[in-house]
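K.L.:
Protein sequences appear in the order of chains A and B. Here this note's numbering is used: the first residue of the first sequence is 87, the next is one more, and so on. Here this note's numbering is used: the first residue of the second sequence is 87, the next is one more, and so on.
Honestly, the hints are just simulated from the structure, not real lab data. What you are looking at is a predicted structure, and each value in this text was computed from that prediction instead of being measured. Hints are not guaranteed to be accurate.
Note that identical chains are pooled: a pair holds if it fits in a single copy or bridges any two copies.
Straight-line C-alpha distance at most 20 Å; calculated EDC-like pairs for lysine to aspartate or glutamate [claimed, not checked]:
| # | residue 1 | residue 2 |
| --- | --- | --- |
| 1 | K508 | D289 |
| 2 | K282 | E242 |
| 3 | K357 | D336 |
Number of protein chains: 2
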Amino acid sequence: MAVHNVTVERTLATLLEAKRYSTIKDILVTMNGADIASVFSTLDEETLPLLFRLLPKELAAEAFAEMESEQQELLIRGFSDKELKEVVNELFVDDAADLVEEMPASVVNRILEQADPEFRKEINEMLQYPEDSAGSVMTTEYVSLRSDMSVADAIERIRRAGVDKETVYTCYVTSERKLQGIVPLRSILMCRDNEKPISEIMDTHVITVNTLDSSEFAASQLSHYNFIALPVVDSDGHMVGIITFDDAMDVLRDEATADMEIMGGMTPSEKSYLRSNAWELFLHRIPWLLLLMVSATFTGMIITSFQNALAAQVALTAFIPMLMDTGGNSGSQASVTIIRALSLDELEFRDIPRVLWKELQTSLLCGSALAVVCFGKIYLIDRLLMGNSDLTVSVIFVVCLTMLLTVIVAKLIGCSLPMVAKRLGFDPAVMASPFITTIVDAVSLLVYFSFASMLLF
Amino acid sequence: MAVHNVTVERTLATLLEAKRYSTIKDILVTMNGADIASVFSTLDEETLPLLFRLLPKELAAEAFAEMESEQQELLIRGFSDKELKEVVNELFVDDAADLVEEMPASVVNRILEQADPEFRKEINEMLQYPEDSAGSVMTTEYVSLRSDMSVADAIERIRRAGVDKETVYTCYVTSERKLQGIVPLRSILMCRDNEKPISEIMDTHVITVNTLDSSEFAASQLSHYNFIALPVVDSDGHMVGIITFDDAMDVLRDEATADMEIMGGMTPSEKSYLRSNAWELFLHRIPWLLLLMVSATFTGMIITSFQNALAAQVALTAFIPMLMDTGGNSGSQASVTIIRALSLDELEFRDIPRVLWKELQTSLLCGSALAVVCFGKIYLIDRLLMGNSDLTVSVIFVVCLTMLLTVIVAKLIGCSLPMVAKRLGFDPAVMASPFITTIVDAVSLLVYFSFASMLLF
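Excised from the complex, chain A in its bound form (with noise of 0.2 Å):
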């Protein structure tokens, strides 16, 4: 959201109240339609179709693709048969087949009942794709150049055929839809020659990726790539659309929120949060909160079964939450890392021995940092200077102990689970801070009290 919406919002809502609509109609199509979908995004059901119809047809179509599925739906309940036939052939395949997934099936009937036939066929094509799949969020319209055209036909071809194009920056070579190499316009411009036919300078090292991989995939494949878009066919390896950087940075930024989500312990949602009410948010909170609290019974019982030892020693009930925390904290840091790693496929499963051993190796260093610095603070600290006397050097000793085993244990478990996950087909994300510290806990805990049990009883 632009800073300066902030201020056009107070200027419309002024500008609204006195009825200038000329004025607003002025200022609205300074706006870039990004802009436009988030100053509307919080207008009432009466102003938002009012203003709507004041916009330039293109710029609407603009605006429109980019507004929330809310304000879409407001707009079309109320449009005209008229005014939704305009909007609707205005979008872009992509946008128009994410419309259709996001509405009521009523409204769907509408909008394909509007749509010309030619662009309702391949709205529907679309749809077919599974969703996060590269099928699901490609566009179908791009440049097509055959390999015998020379320079000056291929310029002449995308001055005529690019203006319904999502982009004509990069162009694709084919025969009987076979991808046959990619010509990027600034190729075809820079080549002085006009006759020089497109197959000498196409680039026939070309990378696609298949409609049914992961839409993750095509987008981290475009970006590793630097490209602007990136191919993609059938199993039969036609050509049947492109994905555009905008689409696929929309695709990542999605794909890291939803990591983030799961890595909090909640199943991701495609609402913002301010969109979402208490009883959505409720609804993805909930699951985990509910296995993660059962399973944190099992903690329990652990402590219940050691109560006789934890009586005689009361002492020890003090260092619970510090040894669990800390064990916690050094699996969360360890998953972490590998579930982001994994994520931008740094890692692969088949480097397992490599990560056990350079998360054997920090959680040595950083164990016996941790042991030394609490030995000094429980020895100095409690014993000394606070005079707790029940802080023998024993005690001290198995609260260290257990202090580098628990994380050691605990990056060990942090590191191997995410790939595990990730090897079984798993989301590796869900390995992350909530369920490692379930277990870590359970761990520390039965470490911890065999050690007392060894050294103290």
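With chain A held as given, fit chain B onto it using these hints.
P.N.:
For chain B alone, kept in the frame of chain A given last:
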């Protein structure tokens, strides 16, 4: 990393052993700079320069720009002055500036010596911008037009000047270095009137960022407006460069990674996981572990001060981990959600009353659900089924009431701390799980023992 690199690496290794250099060259020239860089990343210091010298000039520069800094340094140290000159002057200025920033001083001097004088000046100018500012990620190589040029003039200029520019797809209309308008190459090409002046087709409502804005802000602006490139102006309003979509994607990816690392209780690292050694990982992880371990001792102090109460009602101890963990998880759900919304500019500080109200409602729902399940579980399973008669209804009631209140407090703390942090100019991601957990642990224990004292003794 593309899937096929593994196979290519093996093929290259075999060919290398057989000294089949011309075959290796044939393979390499079919590849993309990014893939060559990732294949080269596993080569040793003898093989790397050998294979690098097989690459044609332009591809060599492209691959070089994509390499990790260790590999770059290795190569430069082996380069003759002539080789270094060729590679350096073939780089885009932003890549050259990145290189200079990452190399040790002795190498930097050699690089700058070999850069052409004009290029050296540009690199030095780039280096003056603060780290992570828009200025530091921009490139100064863009196509500028004059508003009185005709469409035909503009096309001619782009064809002539475009070779060295990072993008030709958006052109910038300037007068005395002030930005007057933006014109996409597409609009120029689509305009059928060759004599039309650029002033008539350019868009004068330009969106710019300042050199000193954060690179993250610039990247999210570019993504918001779906721009291929975003112009950067200095404080006098002079246009100094552009940020291209591929660099913006890298900024957003690195920013998301850094956020996740901070949220996982680590200081962010610029090196990929497999390239960091255990000592580097240790240094990134130990500060937070130490800090949080020391803060967790407060939780221990709370337990110590209630030790007599605990000794009287030992059953209470068993529920400590469950209450602490559920509190921590509830808090981290809220904080992760808010941190991400802040980083996507979906929230501002003035939204804090709405956020608190939403979290209060959500926490009432979550807390009540958890309390009810908790009551049922303890009463039915622990008390009736397992026959633990210590668990009186009063004890269970204390546990469940604590659960409800802890969830509410945890969510309110979890949502407000990141917003306050941002307001005070800190990175909100610092206020994620580990930090919140430590605070919530203390709060949940205080609530627990207060209820216990009131209701049980």
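K.L.:
Against each hint, give a clear statement of whether it holds in the structure.
P.N.:
Do the hints match the structure? See the list:
1. Neither within a single protomer nor between protomers do K508 and D289 lie at most 20 Å apart by alpha-carbon distance, with minima of 35 Å and 47 Å respectively.
2. In the homo-oligomer, the alpha carbons of K282 and E242 lie at most 20 Å apart both inside one protomer (14 Å) and across protomers (18 Å), since each shortest distance falls under that limit.
3. Within a single copy, K357 and D336 get their C-alpha atoms as close as 14 Å, which meets the 20 Å cut-off; across copies the closest is 25 Å, which misses it.
Going through the hint list in order, the structure does not satisfy hint 1, though it satisfies all others.
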